[in-house]
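S.K.: Same order as they appear, the protein sequences are chains H and D.
Going by this note's numbering, the first sequence opens with residue 1, and the numbers climb by one from there.
Going by this note's numbering, the second sequence opens with residue 1001, and the numbers climb by one from there.
Label pairs and their in silico Cβ distance ranges:
{"#": "1", "chain 1": "D", "residue 1": "Pro1168", "chain 2": "H", "residue 2": "Gly177", "range": "32 to 40 Å"}
{"#": "2", "chain 1": "H", "residue 1": "Ser161", "chain 2": "D", "residue 2": "Lys1211", "range": "33 to 41 Å"}
{"#": "3", "chain 1": "D", "residue 1": "Ser1127", "chain 2": "H", "residue 2": "Glu122", "range": "16 to 24 Å"}
{"#": "4", "chain 1": "D", "residue 1": "Glu1191", "chain 2": "H", "residue 2": "Asp107", "range": "42 to 50 Å"}
{"#": "5", "chain 1": "H", "residue 1": "Gly105", "chain 2": "D", "residue 2": "Gln1143", "range": "20 to 28 Å"}
{"#": "6", "chain 1": "H", "residue 1": "Gln73", "chain 2": "D", "residue 2": "Glu1190", "range": "43 to 51 Å"}
{"#": "7", "chain 1": "H", "residue 1": "Asp188", "chain 2": "D", "residue 2": "Gly1073", "range": "43 to 51 Å"}
Mimicking DSBU-like on lysine-lysine, the simulated pairs with C-alpha atoms at most 35 Å apart in a straight line are:
{"#": "8", "chain 1": "D", "residue 1": "Lys1200", "chain 2": "H", "residue 2": "Lys96"}
{"#": "9", "chain 1": "H", "residue 1": "Lys141", "chain 2": "H", "residue 2": "Lys112"}
{"#": "10", "chain 1": "H", "residue 1": "Lys199", "chain 2": "D", "residue 2": "Lys1200"}
{"#": "11", "chain 1": "H", "residue 1": "Lys54", "chain 2": "D", "residue 2": "Lys1172"}
{"#": "12", "chain 1": "D", "residue 1": "Lys1104", "chain 2": "H", "residue 2": "Lys54"}
{"#": "13", "chain 1": "D", "residue 1": "Lys1162", "chain 2": "H", "residue 2": "Lys54"}
In silico negatives: residues of chain D with every beta carbon more than 10 Å from chain H:
{"#": "14", "residue": "Glu1036"}
{"#": "15", "residue": "Pro1037"}
{"#": "16", "residue": "Asn1040"}
{"#": "17", "residue": "Asp1101"}
{"#": "18", "residue": "Arg1102"}
{"#": "19", "residue": "Ala1103"}
{"#": "20", "residue": "Asn1150"}
{"#": "21", "residue": "Thr1166"}
{"#": "22", "residue": "Pro1168"}
{"#": "23", "residue": "His1169"}
{"#": "24", "residue": "Glu1170"}
{"#": "25", "residue": "Gly1193"}
{"#": "26", "residue": "Leu1194"}
{"#": "27", "residue": "Pro1195"}
{"#": "28", "residue": "Thr1198"}
Hint data in this document are derived by calculation from the structure and do not stem from the laboratory.
Using N, Cα and C, we set each Cβ at its ideal position, and we do this for glycine too.
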Amino acid sequence: MIRHHPAPDTLVEYAAGSLPPAQALCLSVHLGYCQQCQEKARQLKQVASNLMAKQAPVEVDASLFDRVMARIQTEAVTPEPKPVTEKSYPWPSIPKALRKLLPNGFDSLNWKRAMKNLEVAELDIDQDTKVSFHRMSTGGKVPAHTHRSDELTVVLQGGFSDRYGRYDEGDFIVRTGEHEHAPTVDQDGDCITLSVMEKPIKLTGRFTRLLNPFLR
Amino acid sequence: MAVQPNRKHGTVQRSNGGAQSKVTRLPMSHQGKDQEPWNNLLEQVGSNQDQQSFAQLFQHYAPLIKAFALHSGLERSVSAQADELVQEVMTLVWRKAHTFDRAKASATTWIFTIARNARIDLYRRLSRHQTELTADDLWFEEQTEGPINNLQQHSAEQQIRKGMDTLPHEQKEALTKVFLEDKTHQQVAEELGLPLGTVKSRIRLAMQKMKISLENTEL
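Can you build the whole structure from these sequences, using the hints too?
M.R.: Here's what the structure looks like:
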């Protein structure tokens, strides 16, 4: 049962597209498990598209139309290839949002032992954030630790509990840098989660979008 | 110079039979209410690669996508980025039209999603953050498997449109900054010199007016 959901403002920023990409991925994963949040996200996108439709239109040069027509006319009329998720994928328990990242399932990842009962496999999604899969051993207890930065976690398989609560597949968990916890893993199997953290070089304890002076 | 696609002024031939129904050019504020013409055109592009239909879609949506691009400040750093976005989005509309399903979302919402994701990808490219994952991958859209309650969905959409028309200025402003100007709640707060809580509250109130509940029932 899912008990932990993204906050309203996180859902809003997801629908708007301003959420940092690694967090957006976590949210997409959660939506795969959660009909309630899926419906909310859908309505928020409706709000966004209404706002777009109500804007004062800005004139577009005719040459732009010509350029687009030239481009599409030279393209072969073949539909886009089917996404990876529609081909037969041997791990039905892996969320669709992650299948492109995991063409060979969890076992093929480069797992490294981080501490007792915890293995970590890192991904390269974005320069500001550390994105990794965590695998905690069934029935095990991970030693108490804090994270110096905020962490976003989505449970993908199995479950665990700590002093703050219980966490099962689909749960979307936000922890600040001050939280100290010692997760205890459920007995019925390893627990795999997707974790997103700011890289240690960042001094602020909050997720911030890259403020590129070139862009803003 | 405005786009001049080759078509009869003011009429659209419906694809189902001989009866011609007139679709007049409505003022901008009403166009959100009538999705039928755009859904039809998009389906024509998807099933028949109909270039006339595509030209009409272009005439309607390109200026909105350009406005969307300008709203998010794309033009400020590198010129012609707004045009780049329009080109990218309309090309994708052509390529993906065969995946459009009016039962799942209106043409406008479908096109908005492409525009939003293209904008994200453009920013990532500009800031050299590229990985092989695109916005479509990261903002992954589940294919809803459950039965779609059209009546409920239609009524929800009506309430969003009605509610949006009655929003007080400060709520509309907050929504615009978050959804069109690509700003986080924090950035809006900083820009307007308001506490973060005030911005969140304005968005929440706007959602309430549109009968959207973002709170979770289990908490």
